[in-house]
Each structure stands twice: as structure tokens, then as C-alpha cells.
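Asker: These protein sequences, in sequence, are chains A and B. For the first sequence, our numbering begins at 1 and goes up steadily by one. For the second sequence, our numbering begins at 1 and goes up steadily by one.
Keep in mind that the hints are not guaranteed to be accurate.
Within a straight-line C-alpha distance of at most 20 Å, the following computed DMTMM-like cross-link-like pairs (lysine to aspartate or glutamate) qualify [as the list claims (entries may be wrong)]:
| no. | chain 1 | residue 1 | chain 2 | residue 2 |
| --- | --- | --- | --- | --- |
| 1 | A | Lys38 | B | Asp102 |
| 2 | A | Lys38 | A | Glu2 |
| 3 | B | Lys128 | A | Glu95 |
| 4 | B | Lys230 | B | Glu219 |
| 5 | B | Lys128 | B | Glu140 |
| 6 | A | Lys38 | A | Asp219 |
Here are a few chain B residues that face chain A, going by a calculated C-beta distance under 7 Å [to be verified]:
| no. | residue |
| --- | --- |
| 7 | Ala96 |
| 8 | Gln97 |
| 9 | Phe105 |
| 10 | Pro119 |
| 11 | Thr145 |
| 12 | Leu147 |
| 13 | Ala154 |
It should be emphasised that the hints constitute simulated quantities derived from the structure, not laboratory data. Here a beta-carbon is modelled for each residue, glycine too, at the ideal position from N, C-alpha and C.
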Amino acid sequence: MEWITEPLGYEHIRRGLLICTLVGFTNGYFSAFVVLRKSALQVGSLSHSLLPGIGVGILLFGLSQASAFAGALVAALIVGLGSLLVARSSRLGQETALAILFTTAFAAGLLLLEFAPVNVDIDHYLFGNILFATDADLMTVFWVSALSLTLLTILRRPMILMLFEPDAARALGVPVRALNYLLLGLLILVLISTLQAVGCLLSLGLLVTPAATVYLLTDRAESLFWGGGLVGSAAAIVALILSHHLNFSPGSTIILALGTIFALAFVFGPRHGIAPNLIKRLRACVQQ
Amino acid sequence: MTQDLENLPLPQDCGSPSGHELRVAALTVRYAETLALQGVDLHTHCGRCVALVGPNGAGKSTLMKSLAGLIVPETGVITWRGHPLSRSTAEIAYLAQRSQVDWHFPLTVRGLVEMGRFPHLGWWRRFKRADHEVVDSALESMRLTDLANRQISALSGGQQQRAFVARALAQEAHVLLLDEPFTGLDRPSQELLTELLSLLACGGRLIIAAHHDLPSVPEIFDEVLLLNQKAIAFGAVDEVFNDENLSVCFGEASDPTRAITQKSNAVSPERRPEN
Numbered sequence: 001m002e003w004i005t006e007p008l009g010y011e012h013i014r015r016g017l018l019i020c021t022l023v024g025f026t027n028g029y030f031s032a033f034v035v036l037r038k039s040a041l042q043v044g045s046l047s048h049s050l051l052p053g054i055g056v057g058i059l060l061f062g063l064s065q066a067s068a069f070a071g072a073l074v075a076a077l078i079v080g081l082g083s084l085l086v087a088r089s090s091r092l093g094q095e096t097a098l099a100i101l102f103t104t105a106f107a108a109g110l111l112l113l114e115f116a117p118v119n120v121d122i123d124h125y126l127f128g129n130i131l132f133a134t135d136a137d138l139m140t141v142f143w144v145s146a147l148s149l150t151l152l153t154i155l156r157r158p159m160i161l162m163l164f165e166p167d168a169a170r171a172l173g174v175p176v177r178a179l180n181y182l183l184l185g186l187l188i189l190v191l192i193s194t195l196q197a198v199g200c201l202l203s204l205g206l207l208v209t210p211a212a213t214v215y216l217l218t219d220r221a222e223s224l225f226w227g228g229g230l231v232g233s234a235a236a237i238v239a240l241i242l243s244h245h246l247n248f249s250p251g252s253t254i255i256l257a258l259g260t261i262f263a264l265a266f267v268f269g270p271r272h273g274i275a276p277n278l279i280k281r282l283r284a285c286v287q288q
Numbered sequence: 001m002t003q004d005l006e007n008l009p010l011p012q013d014c015g016s017p018s019g020h021e022l023r024v025a026a027l028t029v030r031y032a033e034t035l036a037l038q039g040v041d042l043h044t045h046c047g048r049c050v051a052l053v054g055p056n057g058a059g060k061s062t063l064m065k066s067l068a069g070l071i072v073p074e075t076g077v078i079t080w081r082g083h084p085l086s087r088s089t090a091e092i093a094y095l096a097q098r099s100q101v102d103w104h105f106p107l108t109v110r111g112l113v114e115m116g117r118f119p120h121l122g123w124w125r126r127f128k129r130a131d132h133e134v135v136d137s138a139l140e141s142m143r144l145t146d147l148a149n150r151q152i153s154a155l156s157g158g159q160q161q162r163a164f165v166a167r168a169l170a171q172e173a174h175v176l177l178l179d180e181p182f183t184g185l186d187r188p189s190q191e192l193l194t195e196l197l198s199l200l201a202c203g204g205r206l207i208i209a210a211h212h213d214l215p216s217v218p219e220i221f222d223e224v225l226l227l228n229q230k231a232i233a234f235g236a237v238d239e240v241f242n243d244e245n246l247s248v249c250f251g252e253a254s255d256p257t258r259a260i261t262q263k264s265n266a267v268s269p270e271r272r273p274e275n
């Protein structure tokens, strides 16, 4: 018991746990959208392309949350829309275009941050540090979580229709294009808010792995959302406490915890896991 | 099940001639530079089973998507029950080709059929008992009640196709647009689907299906539209489904029978400009 209560004595850990809960749940909930839309790769590219935006924001307007936020938003829009433009007006596919744009953007971001007037640690943007999150970070995360969870819950029925079969959804009266843009915008918002708190690699992990894990366990699309949220926040909370005792980096520990949970579901999942299927096959062989 | 087929009344005997009317007039659809449909006319009623027949890229899917309100035609008018169709309506259900569906989506058969209630429930309203009853009877009439809790990839091809028809029934659609529903089905599944579709037509629904397998057209459908960008011929199967029209449609004037045999073996997905 003390193992849990002892870390709670520190204010930065209490705040970290609060952020873990919010960020874990919101990203986990949203990961259902990312997984069902099969756009994990796109989200990965987008999350890395935020870096130059943050660099430019800091260079132009100084190191503040607003400047970094605005810069990241502009960068995400430029890379997102730019890849669409390149894909539509050349022979390249959108994923190819996205990869080119985001690697270029990431390299530009690294260079820009070197010239930034303040000392910005690149590790911070990759893995972040939950334990050094500010009150402002916490507030941003809270409001973005509240907004996106509400909207996502309201939109869930038409969204699942659209994700399953865009054409049929349109024929059933779902405004597919508008819904798609709204959800992508919301995704970018979530990405940016968590990026500041926990870094872009961690927000990417939280935006894919939780629902991918639940995907292996359920036949109901709705369960991916709540299940993803629960897996995301539980993994983040447990990993943060673990990292305190083991003196590990919290960000890396959370990603590893998520990876471990996924691996467990992959191997031991009752319906789609590889171990139960193997056992079934062995039994069938023995019976023959 | 399939032996009952002979005892069924012929579809044209039971469809009410005064059923709802679907009229397509001078429909032209263009994708960027490519002309997909050119001045197509069609006039039919609920209670019929209509085949869309034509070579790959003839515009069969395009025509169905236009009827579903998914494509805005360049010119021409689609009239449904006397009113011009300006956008999609719940009364017309569109069923995509099976190859275009993500079968591993976490969705059960019942979940799929429940999606059909969307136009009636909107974005938020909860399922009431009446909605569950509609879903139940849709499952029942497609003989899927026992499979309702299966994930959709754990079905055979015929069952998958029937699950989508059940969704259209839950939607309370009058018109069912099916893209290649018989492609890839084994013989028994084909016969069951034929039987169920003709029952639906008897019940007053209009079935319109793109169809590849030419020899089976007469046993499944009562009307046929031969399509190759333009409407080559439209009418009752025994009137217009002949070698002369087919050879015009498939452009193999030298040997029309070759067109039939070739096409019946083809199972390749249709190549369409929008893909």
C-alpha cells in the first residue's frame, strides 16, 4: 500500500498522475478513431511534423505555451493539407507525400530549435516530461480532453458508420466529408495538447496502442472507445508510479507499459490471441 | 430451402404494377475527363428485379451510386415516387461490393443490421423496442437469426451478402441497389439469395443489381438494362436479353456467344474510374 501512497506525497507526482489520467483516457479514447480509420502512420507523421511549428513559434514569439501551440497547429495544417495537395497534383500517393513532408519538416524543426533564443531540449519534445508539466499544461489538457471526449461521444454513431463504410454512410445521410474534417481537426488538437505535456513519441503511442489492444479482444466498435480510454489511462497511471520507484523516465515507461499490455493481448487474447489458437490447433492434431 | 424455388410464384406475377416508380431520364455522369454514363434512361417499378449488365467500366456502379445519391450527375433527372431525387434517401439502400468491405471491422451481424436504423434514429436517439423488432425481423427474413452475434468476417460469402440485405431491410428501404451480389458465391448460396431477393421483390421492393454472370440472368431477374456508357437496351429479360443486344453491348459483334461464355467466367472486380 505504501508503495502507492508514498509517491502521492509529492506534488509533482500528484499532478503527473492527473495528467496521466486525462491524457491517457483522451488519447486512448481517440485511438479507437485512429485504429478504425487505419491512419496510425498518418498520425505518426503528423506528430513529428509539429516540431518545426513549435520551433518557428518560439523563434517568432518567444517561449510560451500559446506560441508553441499556434506554431504546432499551423505546421500540422501545412503538412496535412500539403500532403493532400502533393498527392492530388502528382503521381505520388498521399502516404509517400506525407513521409517526404514530415521528414523535411522534422529536420527543419531540429535546426530551428538550435537557433531558438532559449535552451530547448529536443528529448523533451520526443518524450516530454510529465513530472515537469505546468499548471498551464494541465489546464490545456483538461479543456481539450473535455471538448474532444464530448464531441467524440456525441458523434460516435455516425462516426462508426463512416469508418466502416464511407459510401453507405453517405447514402444513409451522414455528412461524411464535414465529419471527417471535424474529427481530423480534433485529432490534431488532442495531439498538440498532449505533445506539450508528454512529448510527441508518447502521444503517438497513446493514440494508437490502447484501441489496437482492445481491437484484439472485442467485436464491438463501441468498446474500442471506452476500452481504449481505460487501457490508456490505466497504463499511464501504473507506469508513472512504477517509474518513480524504479527511477525510470516516465515517458518511456508509459510506452513500454502500453507495449507490454498489447503483447499480452496479442499472445493470450481469448479469441484472436496466438496462444489460444495454437492450443486449439494442437488439440485438433492430438485428437486426430 | 432451395427446392422450394420452383413453387415460388414468378416475380412478375406478384409485383404490383402500380408500385412506386423509379424513373431515370437522360442521365449523364462524368468523372473529370472520363464520360461514365451518357444519356441513360430507365423506367421501372417496385416489385421488380432488375439486372444491370455490361462490360467492365460500362458504368453499372456509377449508375447505382447515382441512384443512391452518392454521385451528382452532370445532366439528367432521377425521379423516385414522382419527385426528383436531389440527395440520398433512406428509401434507397446502397450495398457495396463485398470486396470493398472491411470484414475485420469489429462488428457483429446484429451490429451491422442495426446500422440500418440510423436514418430513423438519427445521431443520438436510443433504440426502442420497435427498432429491435425491425432488426429481429430483418435478420429472420434473411435467415441470419442464429448468426446474429458472429463477427462479420466469420460468415460465408452468401451470409455476408444477406447480412447487408438485412441492413437494407432494417433501413426500411424500398429500393435495394446491389453491386455484384452473386460474385464469388457457391451454387447453394446463389440459389438461396435468388430466392430471398425474389421474395423481397414480391413483397413490393425494387431490386437493382449489377450482374456479371450472363447465363444466370433469366433465372434471377425479370428486367435487364444492357449498359455500356449508353443504355443499349432495357426491358423484360425475355424481350431484350438476346445475343443481338448483348453483342452490341459487349462490342463483340463477330461472335456474340463468345461474349456470354467469356463474361460468365469473369470474376475480376470491375475497374471503375473513381477508384
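Asker: Against this structure, judge whether each hint is valid.
Answerer: Hints and how they fare:
no.: 1; hint: A:Lys38 <-> B:Asp102; result: holds, 11 Å
no.: 2; hint: A:Lys38 <-> A:Glu2; result: violated, 42 Å
no.: 3; hint: B:Lys128 <-> A:Glu95; result: violated, 43 Å
no.: 4; hint: B:Lys230 <-> B:Glu219; result: violated, 25 Å
no.: 5; hint: B:Lys128 <-> B:Glu140; result: holds, 18 Å
no.: 6; hint: A:Lys38 <-> A:Asp219; result: holds, 17 Å
no.: 7; hint: Ala96; result: holds, 6 Å
no.: 8; hint: Gln97; result: violated, 10 Å
no.: 9; hint: Phe105; result: holds, 5 Å
no.: 10; hint: Pro119; result: holds, 6 Å
no.: 11; hint: Thr145; result: violated, 17 Å
no.: 12; hint: Leu147; result: violated, 13 Å
no.: 13; hint: Ala154; result: violated, 9 Å
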